[in-house]
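*Asks:* So the chains spell out like this:
Protein chains: 2
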Amino acid sequence: MTPNTYKEIHLINRPEGTPTNEDFAFVDKEIPSLETDELLLKTLYLSVDPYMRGRMKDVKSYIAPYQLNEAITGGVLAEVIDSKSDRFQKGDIVTANLAWAEYNTAKADAVQKVDPAIAPITTRLGILGLTGLTAYFGLLDIGQPKEGETVVVSGAAGAVGSVVGQIAKLKGARAVGIAGSDEKVDYLINELGFDAAVNYKKDSFNEDLKDALPDGVDVYFDNVGGPVSDAVIWELNNKARVVLCGTISSYNTPGEDIGPRIQWKFITTSSMMKGFTLGDYAHDFKTGSVDLAKWLQEGKLKYDETIIEGFEKTPEAFFGLFEGTNLGKQLVKVADSEIAKL
Amino acid sequence: MTPNTYKEIHLINRPEGTPTNEDFAFVDKEIPSLETDELLLKTLYLSVDPYMRGRMKDVKSYIAPYQLNEAITGGVLAEVIDSKSDRFQKGDIVTANLAWAEYNTAKADAVQKVDPAIAPITTRLGILGLTGLTAYFGLLDIGQPKEGETVVVSGAAGAVGSVVGQIAKLKGARAVGIAGSDEKVDYLINELGFDAAVNYKKDSFNEDLKDALPDGVDVYFDNVGGPVSDAVIWELNNKARVVLCGTISSYNTPGEDIGPRIQWKFITTSSMMKGFTLGDYAHDFKTGSVDLAKWLQEGKLKYDETIIEGFEKTPEAFFGLFEGTNLGKQLVKVADSEIAKL
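Protein sequence lines correspond, in order, to chains A and B.
According to the UniProt record's numbering, the residues represented by the first sequence are 1 to 342, in order.
According to the UniProt record's numbering, the residues represented by the second sequence are 1 to 342, in order.
Possibly wrong hints are sitting among the right ones.
Just so you know, same-sequence chains aren't split out, so a pair can sit in one copy or run between any two.
[What the hints assert, rightly or not] Using 30 Å as the maximum straight-line C-alpha spacing, the simulated DSSO-like pairs for lysine-lysine come out as follows:
1) Lys60 - Lys146
2) Lys57 - Lys239
3) Lys60 - Lys239
4) Lys146 - Lys113
5) Lys57 - Lys210
6) Lys146 - Lys265
7) Lys42 - Lys169
8) Lys90 - Lys201
9) Lys341 - Lys210
10) Lys210 - Lys265
11) Lys113 - Lys7
12) Lys171 - Lys294
13) Lys202 - Lys341
14) Lys341 - Lys169
15) Lys265 - Lys29
16) Lys113 - Lys294
17) Lys202 - Lys60
18) Lys107 - Lys90
Treat the hints as calculated values from the structure; they're not laboratory data.
Generate coordinates for the entire structure from the input sequences, incorporating the hints supplied.
*Replies:* Here you go:
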C-alpha cells in the first residue's frame, strides 16, 4: 500500500574530502497527485556511482553539480504504482535518472521500460545499463584492442572494470586487472577469466605490475587515476591508447592532484589518451545494448552485484565505493516490487 | 681546397641539467678515402634541435641515445666535394642525418639531393624539411583544426611553432601563440599573422592567456610542456585535441617533472592528447613536402632563421634553444659552398 509520505535524500553540504553522513539529509516528502502523462514510481533499486562524487562539487563539468538542499539523482529501477499515461501500466518495471527517494514521479517519456524476461532487472542498472555501455564504448571506440594486445584496466573488480576486462578477452586481447585486495585479484583471474591481476595496495605493486606485463601495455582503461595510473603509463608500448573513464583515487582529495607529468612518455611512444563521458555515445546506445545483451545471454559476460538492503543505507553504499567494498556493481535494494512480484 | 683533417663534435659527458661546453669535445679527424658509392660532403649548414637534448640522456626512447665519445648527429646541409657515385656530382647540394662535423662521408643512398632552384637551400633544414613536416603532420593529422576553432601553440616563435600557427590560419582557425618575450609576441602577431600571442614569462601570463582565449582551446600544439601547458590544458573546450610534440621546458630538468594531473580535465571535456614523432608519418612525407613547398611559393607561409656563423659555435647555438634566443629555425653556418657558389 502506498503511504502518504516518503523519504528523499538531499545533499546539504558539499563534502571537502571524504563524504560523511553529515553531508546528507533524509527529507520527508508527500506523495503528490499525478498529472497527465505522469507516473508514480516506487523505487526498487538505486545505483550509487563514483561519478556522483564529482557532482557534489560546485564546479563546472560535463554535468551540472547537485544543488544544495535538493535531491541527489542517479540511476533508479522502479515499479509503476500509478499511471496517467497510456504507455505504462501498474506493475511495469522502468528505469530512469531519478531522485534518491523511496518514490518518484516522472513523465512517461523520461523513463524506459525494462523487460524482466531478458535478464534480472538489476542488470539494467549495471551490465545492461549505463555501466556496461561505459565499458563497451570506452574500450571499443577509444581503446580499440586488437587480438594479442595487452589491455590493462584499473578498478578492475568494479562495475565498469569487470566488464572492460571481459570484453577485452572477447576481442582476443590479454586482460590484466588492477584491484585493491587479494580477494579481488583472485576473483578477476578465477571467476572472470582475466589473464593476470595485481593488488595495488601491496608494497610490491610496481614490480608485480611489471611482472604481469611482459609485453607492455597497448590499452589502458583507467578508472582510478593517481599513482596507479602513473605506474601503468610508465609501461605503455608504442601507439598505446589510454581510455580515461574516471579518477576515483582523487575524488575525495581536497586541493590539487599532483603527480609526474606524462607528456614525454606519450611523445616517445606516440601514444594517445582520451577522456569520455557516456553521453558522447548516446546516438549509438542501441548497438552497445544489443551486443551486451547478446554476450550476456551467450554466457560470455559474467557480472557481480554488491547489494545493500535498505534505503537508509544509501549513503553507506556510496561511501563504500571509495573504500572498494564493492565487487561489481554497487546497488541499494530499496523495496520489493508489490505488483509485479519480481 | 679540402684539408686533410677536420673537426667533429663528440658528446663526452651526459649533461645532468643544462648542457655546457664541458659536455662536448671538438675532435680532429682525417679525411678518409672514399669507397664505391660514397660521397665526401662539406658541411654548409647544420641544424640544432631541441629533441637532441633527449638523445644526450642514456634512456630508452623512440630514438637511440647518442653514444659517449662519438659524434653527435643531426640534420646537415652539405656540398658534394667528391663522389664515387654515379648519382651525385661535385657541387651537388644534399641533406642527410650526419655528424656535427666540418666534413662527412656518406653512402649515396643515405642522402637526398636538394634543388637550389625551389627555395633557399636552408629551408631544407627548416620549413621544407623535418621541421616543417613536424608542424604539418602534428597539426593536421592529430590536431585536425576546423574553421573557426582556436589553435594554441607553445614555443610559437620557434621553428615548428611558427609553422603550426600559420598552417592553422591557412585552415581557417584562430591562431594563438605562446612565446618567451614581448618581441616574439609582436613578431607572431605582426609578422606571421597570429590572431593573438602571449608572453609566458610575464607574471600576468595566466590572465593574459585567458584574455587571448575568449572561446577556449580546441587544438593545443605543445612544444614546451611544464606549467605553460598546465595553464593551456585548463582552458580546453569539449572534444579538444592536444598534439604533443615536445616538452622543452623539462629537457634540462634533472629528476622528475611534477605537475597537476590532467586526466580529470580530459574526462570532463572528452578531450584527447596524442604524442608523435615524425617517423610515424614517413610513408607520407611526399604529401607534406608538396603542400609546404606550394604554400611557401604562394607566399602563404613565412619563415625565419636564426643563423650563427662558425662551426665552433655549434654548442652555443644548441644552448640557445633552451634560452629561446632563436626566432624560427636555429642553424649554424659552417662554410660557404666552394663549387656551387650558393
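*Asks:* Does each hint hold? Answer for all of them.
*Replies:* Status of the hints after comparison with the structure:
Taking the shortest Cα distances, Lys60 and Lys146 sit within 30 Å of each other only across copies (25 Å), while inside one copy they are farther apart (36 Å). Taking the shortest alpha-carbon separations for Lys57 and Lys239, only the inter-copy value of 22 Å comes in at or below 30 Å, while the best intra-copy value is 35 Å. For the identical chains of this complex, Lys60 and Lys239 are inter-copy neighbours only, at 16 Å across copies versus 32 Å inside a copy, given an alpha-carbon limit of 30 Å. Taking identical chains as interchangeable, the C-alpha atoms of Lys146 and Lys113 are never at most 30 Å apart, the minima being 35 Å within one chain and 41 Å between chains.
Taking the shortest alpha-carbon separations for Lys57 and Lys210, only the inter-copy value of 23 Å comes in at or below 30 Å, while the best intra-copy value is 36 Å. Taking CA atoms no more than 30 Å apart as the test, Lys146 paired with Lys265 passes in both settings, with 22 Å inside one copy and 28 Å between copies. Taking CA atoms no more than 30 Å apart as the test, Lys42 paired with Lys169 passes in neither setting, with 38 Å inside one copy and 57 Å between copies. In this homomeric assembly, Lys90 and Lys201 never come within 30 Å of each other (Cα to Cα): the closest approach is 48 Å inside a single copy and 67 Å across copies.
In this assembly of identical chains, Lys341 and Lys210 lie within 30 Å of each other by CA distance neither inside one copy nor across copies; the values are 50 Å within and 58 Å between. Proximity of Lys210 and Lys265 under a CA criterion of 30 Å is satisfied in both settings, with 17 Å inside one chain copy and 28 Å between copies. In the homo-oligomer, the alpha carbons of Lys113 and Lys7 lie at most 30 Å apart inside one protomer (24 Å), although the nearest pairing across protomers, at 80 Å, exceeds that limit. Taking the closest pair of Cα atoms, Lys171 and Lys294 come within 30 Å of each other only inside a single copy of the chain (15 Å); across copies the shortest separation is 45 Å, beyond that limit.
Taking identical chains as interchangeable, the C-alpha atoms of Lys202 and Lys341 are never at most 30 Å apart, the minima being 45 Å within one chain and 69 Å between chains. For the homomeric pair Lys341 and Lys169, neither the shortest alpha-carbon distance inside one copy (37 Å) nor that between copies (65 Å) is at most 30 Å. For the homomeric pair Lys265 and Lys29, neither the shortest alpha-carbon distance inside one copy (54 Å) nor that between copies (37 Å) is at most 30 Å. In this assembly of identical chains, Lys113 and Lys294 lie within 30 Å of each other by CA distance solely inside one copy; the values are 19 Å within and 59 Å between copies.
Taking identical chains as interchangeable, the C-alpha atoms of Lys202 and Lys60 lie at most 30 Å apart only when they sit on different chains, with a minimum of 28 Å there against 36 Å within one chain. Only within a single protomer do Lys107 and Lys90 lie at most 30 Å apart by alpha-carbon distance; the minimum there is 15 Å, versus 84 Å between protomers.
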